[in-house]
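> Now for the letters of each chain:
2 protein chains.
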Amino acid sequence: MDILHRIGVKTPSPDLVYDALTTVDGLAGWWTDDTSGDPDVGGVLEFRFIPGGFDIEVLDVVPSEHVEWKVIDGPEEWIGTTIDWDLHQDGDYTIVLFKHEGWKEPVEFMHHCSTKWGSYLMSLKSLVETGEGAPSPRDVQISNWH
Amino acid sequence: MDILHRIGVKTPSPDLVYDALTTVDGLAGWWTDDTSGDPDVGGVLEFRFIPGGFDIEVLDVVPSEHVEWKVIDGPEEWIGTTIDWDLHQDGDYTIVLFKHEGWKEPVEFMHHCSTKWGSYLMSLKSLVETGEGAPSPRDVQISNWH
Numbered sequence: 001m002d003i004l005h006r007i008g009v010k011t012p013s014p015d016l017v018y019d020a021l022t023t024v025d026g027l028a029g030w031w032t033d034d035t036s037g038d039p040d041v042g043g044v045l046e047f048r049f050i051p052g053g054f055d056i057e058v059l060d061v062v063p064s065e066h067v068e069w070k071v072i073d074g075p076e077e078w079i080g081t082t083i084d085w086d087l088h089q090d091g092d093y094t095i096v097l098f099k100h101e102g103w104k105e106p107v108e109f110m111h112h113c114s115t116k117w118g119s120y121l122m123s124l125k126s127l128v129e130t131g132e133g134a135p136s137p138r139d140v141q142i143s144n145w146h
Numbered sequence: 147m148d149i150l151h152r153i154g155v156k157t158p159s160p161d162l163v164y165d166a167l168t169t170v171d172g173l174a175g176w177w178t179d180d181t182s183g184d185p186d187v188g189g190v191l192e193f194r195f196i197p198g199g200f201d202i203e204v205l206d207v208v209p210s211e212h213v214e215w216k217v218i219d220g221p222e223e224w225i226g227t228t229i230d231w232d233l234h235q236d237g238d239y240t241i242v243l244f245k246h247e248g249w250k251e252p253v254e255f256m257h258h259c260s261t262k263w264g265s266y267l268m269s270l271k272s273l274v275e276t277g278e279g280a281p282s283p284r285d286v287q288i289s290n291w292h
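First to last, the protein sequences are chains P and L.
Taking my numbering, I'd label the letters of the first sequence as residues 1 to 146.
Taking my numbering, I'd label the letters of the second sequence as residues 147 to 292.
Check the hints yourself; a few may be wrong.
[What the hints assert, rightly or not] Restricting the straight-line Cα-Cα distance to at most 30 angstroms, the calculated cross-link-like pairs of lysine-lysine (DSBU-like) are:
1) K70(P) <-> K99(P)
2) K250(L) <-> K70(P)
3) K245(L) <-> K99(P)
4) K156(L) <-> K250(L)
5) K99(P) <-> K216(L)
[Said to hold, decoys possible] The following label-pair restraints were derived from C-beta to C-beta distances:
6) E105(P) <-> E223(L): 42 to 52 angstroms
7) G188(L) <-> D15(P): 32 to 42 angstroms
8) D186(L) <-> D34(P): 45 to 55 angstroms
9) D40(P) <-> G248(L): 18 to 28 angstroms
10) R48(P) <-> G277(L): 15 to 25 angstroms
11) G237(L) <-> K104(P): 42 to 52 angstroms
12) E275(L) <-> E132(P): 18 to 28 angstroms
13) P63(P) <-> T276(L): 37 to 47 angstroms
14) V208(L) <-> R138(P): 35 to 45 angstroms
15) D15(P) <-> D219(L): 20 to 30 angstroms
16) D206(L) <-> G91(P): 15 to 25 angstroms
17) E275(L) <-> D34(P): 23 to 33 angstroms
18) Q235(L) <-> R138(P): 22 to 32 angstroms
19) G237(L) <-> D34(P): 26 to 36 angstroms
Since the hints were made in silico from the structure, they are not lab data.
The structure displayed is predicted, hence computed values, not measured ones.
Think of the CB as a built atom: it goes at the ideal place given N, C-alpha and C, for glycine as much as any other residue.
Based on the provided sequences and hints, a complete structural model is requested.
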């Protein structure tokens, strides 16, 4: 079972979106302030939030086209799942096709993560378009689970 | 293939969320201004947006607990899919579990609709919490597809 999303970021090429997915500063600008680690292939990125976090191995990067991650530590439901980012340019927009693949069950936490990913993707869009995202702990609160 | 979401609406009971899903005025307050039709079981609701719209049959309503819809006209990918709303109270929040079920293929339009649903659910949350949603045509633009 997969979480799917699509956003369009108004920017003349995929370069800035790609940078926001493949640099520690970029990732910290839209997902969580507390990002560290190695964003190159084979490296591990550590993302930390108030209740916990994720360790994610970088499986693939193709400049301005593709990024693929595998979750190696974090909530049980996330471990072993993959997160796939596909970028392409359509006129004035960089289109981001997002997939968080390999959920075993459609648990309530999967519902939550789907909505939360959508919200973080809007944060990524805002970061590139305006220079300011809404990463944790300044992220948009969607529920009692934050 | 299903689109899943979860939001929590800060409100003391599910009543206002239920009203926003089962009255023409409520639906017009968060999804689209141009809502008409019959929100009772067996009725058909007509939702119209700038590029087109959806005709949706109401399959089930259980006050303050459950609403289920079936799409009977609209984009080809939507016809025959079902949309399921499950409500329950958790402390200060009404939890909304949302499922748009029965997509045949994970097409780019499904990615788009997933993100767009998340955004409209935040509009529903805002409507109930503040009295003001962001229905079409004042909806949040997520891409070149709106």
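> Next, verify each hint and record whether it holds.
Hints, one by one, checked against the model:
Using a Cα cut-off of 30 angstroms, the hinted pair K70(P) and K99(P) holds, with the two alpha carbons roughly 12 angstroms apart. Distance check on the hinted pair: K250(L) and K70(P) sit about 26 angstroms apart at the alpha-carbon level, within 30 angstroms; holds. A hinted pair counts as satisfied when its Cα atoms are at most 30 angstroms apart, and K245(L) with K99(P) qualifies at roughly 17 angstroms. At roughly 34 angstroms between alpha-carbon atoms, K156(L) and K250(L) are farther apart than 30 angstroms, so this suggested pair is violated.
Of the pairs offered as hints, the one joining K99(P) and K216(L) holds, with about 26 angstroms between alpha carbons and a cut-off of 30 angstroms not exceeded. One distance hint, 42 to 52 angstroms for the beta-carbon pair E105(P) and E223(L), is violated here, with the actual separation near 25 angstroms. Our hint of 32 to 42 angstroms for G188(L) and D15(P) is violated, since their Cβ atoms are close to 53 angstroms apart. Checking the proposed 45 to 55 angstroms range against D186(L) and D34(P) shows it holds: the Cβ atoms sit about 50 angstroms from each other.
For the pair D40(P) and G248(L), the beta carbons lie near 41 angstroms from each other, so the given range of 18 to 28 angstroms is not met. The hint said 15 to 25 angstroms for the Cβ distance between R48(P) and G277(L), and at roughly 36 angstroms that hint is violated. At roughly 28 angstroms, the beta-carbon separation of G237(L) and K104(P) lies outside the given 42 to 52 angstroms, and the hint is violated. Roughly 24 angstroms separates the CB atoms of E275(L) and E132(P), a value that falls within the hinted 18 to 28 angstroms.
Between P63(P) and T276(L) the Cβ separation comes to about 43 angstroms, which falls inside the hinted range of 37 to 47 angstroms. V208(L) and R138(P) have their C-beta atoms about 38 angstroms apart, which keeps the hinted 35 to 45 angstroms range intact. At about 42 angstroms, the beta-carbon gap between D15(P) and D219(L) misses the expected band of 20 to 30 angstroms. Taken as a hint, the range 15 to 25 angstroms is violated for the pair D206(L) and G91(P), whose Cβ atoms sit roughly 42 angstroms apart.
In this structure, E275(L) and D34(P) meet the distance hint of 23 to 33 angstroms, their C-beta atoms being roughly 28 angstroms apart. The hinted window of 22 to 32 angstroms between Q235(L) and R138(P) holds, with their beta carbons roughly 28 angstroms apart. For the hinted restraint 26 to 36 angstroms between G237(L) and D34(P), the CB-CB distance of approximately 27 angstroms keeps it satisfied.
Of the numbered hints given earlier, the model fails hints 4, 6, 7, 9, 10, 11, 15, 16; all others are met.
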